[in-house]
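S.K.: Given the coordinates of chain X, assemble chain E onto it according to the supplied hints.
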Amino acid sequence: MSTALFDEPGPRARRRIRIATVIGTLAALALLALAVRQFAANGQLDAARWQPYATWPMWRYLLTGLWSTALAAVVSAALAMAFGLVLALGRVSRHRFLRVPAAVYVEVVRTIPALLLVYVVLFALPKYGLDLPLFWKLVVPLSVSNAAAFAEIFRAGIRSIERGQGEAGLAIGLTHGQAMRLIVLPQAARRVLPSIVSQSVGLLKDTALGYVVSYAELLYSGKVLAAYNGYLIQTYLVVALVYLVVNASLSKLARTLEARRRAGPGIPRRRSTRA
Amino acid sequence: MSVLLDHLPELWQGLLVTFQLTAASFLGAAVLGVLVTALRVSPVRVLRALGTAYVETFQNLPLLVLLVLAFFGLPEIGVQADLKVTAIAVISVYEAAYIGEALRSGVNSVAKGQGEAARAIGLTFTQSLRHVILPQALRTVVQPIGNIFIALTMNTALAAAVGVVDLTAAANRVNLLEAQPIPIFVGAGAAYALIAACAGFVTGRLERRLVILR
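Line by line, the protein sequences give chains X and E.
Following our numbering, the numbering of the first sequence begins with 1 at its first residue and continues without gaps.
Following our numbering, the numbering of the second sequence begins with 1001 at its first residue and continues without gaps.
Just so you know, not all the hints are guaranteed correct.
Listed next, the in silico EDC-like pairs over lysine to aspartate or glutamate satisfying Cα-Cα at most 16 Å (straight line) [unchecked claim]:
#, chain 1, residue 1, chain 2, residue 2
1, E, K1112, X, E8
2, X, K252, E, E1056
3, X, K127, E, E1178
4, E, K1112, X, D131
Treat the hints as calculated values from the structure; they're not laboratory data.
Just chain X, same shape as in the assembly:
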């Protein structure tokens, strides 16, 4: 397979590739061996330290945490998407008084760390008499910050639909709102689905902030377990593995959707998607 960088390998290139394969494999194995040695030298490989994670009660506890993670992610995603859609519609609106505030919100919130928003909800709002339950202390800042990201995704989707689509709607007598709702949005939604899924992976990653809020999601459950059994590295590695499996599956889904969208019949795309 030739690429922009390399031609189809000839005999000499194939030999070099074989050498690089051997060296690469050896380097990877050496790194792995170093890690294992470091673990072993500090007694972190003792079966006793890993044994708890072969038992059901530990996993039940972690899976309960995963369930809370999923719950927080789903609720935040739903809120953020709804709010994001409103913001996107505001940004493409014909009215200045809708366009400007929506743009300001998106541009400002996009540049504020989620942790700062969490601190605001944790430490600032109670002072003004708004002490939310733990779940909402995590969900509200996540929704606020991800709404801006979803708004940009939806806006890009709406903008990617050919002008003629909306104009045709107006020509057959639909109002602006109807043309948007019946013609533009359904097509835009289909186009941005992969981005939505990958942004949701980002949101799911953000729920790890429950660690700060003390909401018992996956990472916080790990913290509790580690404090209980004292096996720090083992616990957090298991937690990381669970995150990895869940998020990698979701990312895979996003890629499948993207591939299907590209391959599918659909509407021919005229605008280039060069970012």
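M.R.: Just chain E, lined up with the frame of chain X:
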């Protein structure tokens, strides 16, 4: 407003730490990211697989999990390091996955014919990389890299959750002391927004200078 002025030294110190974290992590992420890209576009299958595994792993793990794992796990296996250094290392490793992905899509955006033409007129690999591939690839990645830089700045705040006293942590401490959340958090937010605005301005300028209309 006076709260901000009274606690200017602490907040300024926090801002400096945020700057340090951002600059050092971005540098580290850039170096690692180039390495990961080199792995991912190489003709050697094992190296490609390693690069892909790296990107897949670090894009799918929350940064906070990595930070917690490094802060509490590394001392357990006998790796002791300064808090800030650990944070910089972890953020670099994490963001390198994103930079690697952005650079790779930049290299892939260069048409195959460009490289073939470069080789046909007798350029060596380095020459075709330097004169043909990279100039075109870099142009398309300025905006994505700028966005990664902004995301990285936001992500350095997570170091506050594991004990590094950056701007977010400083703002939080001052607030616990003074209980005047509005000016303090608005001030901290404004500082982050300012950093992001600067980054946006720079990438905008860079892109306009690099763009070639066809």
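S.K.: All hints are to be evaluated individually against the structure, with a verdict given for each.
M.R.: Hints, one by one, checked against the model:
no.	hint	verdict
1	E:K1112 to X:E8	12 Å, holds
2	X:K252 to E:E1056	10 Å, holds
3	X:K127 to E:E1178	12 Å, holds
4	E:K1112 to X:D131	58 Å, violated
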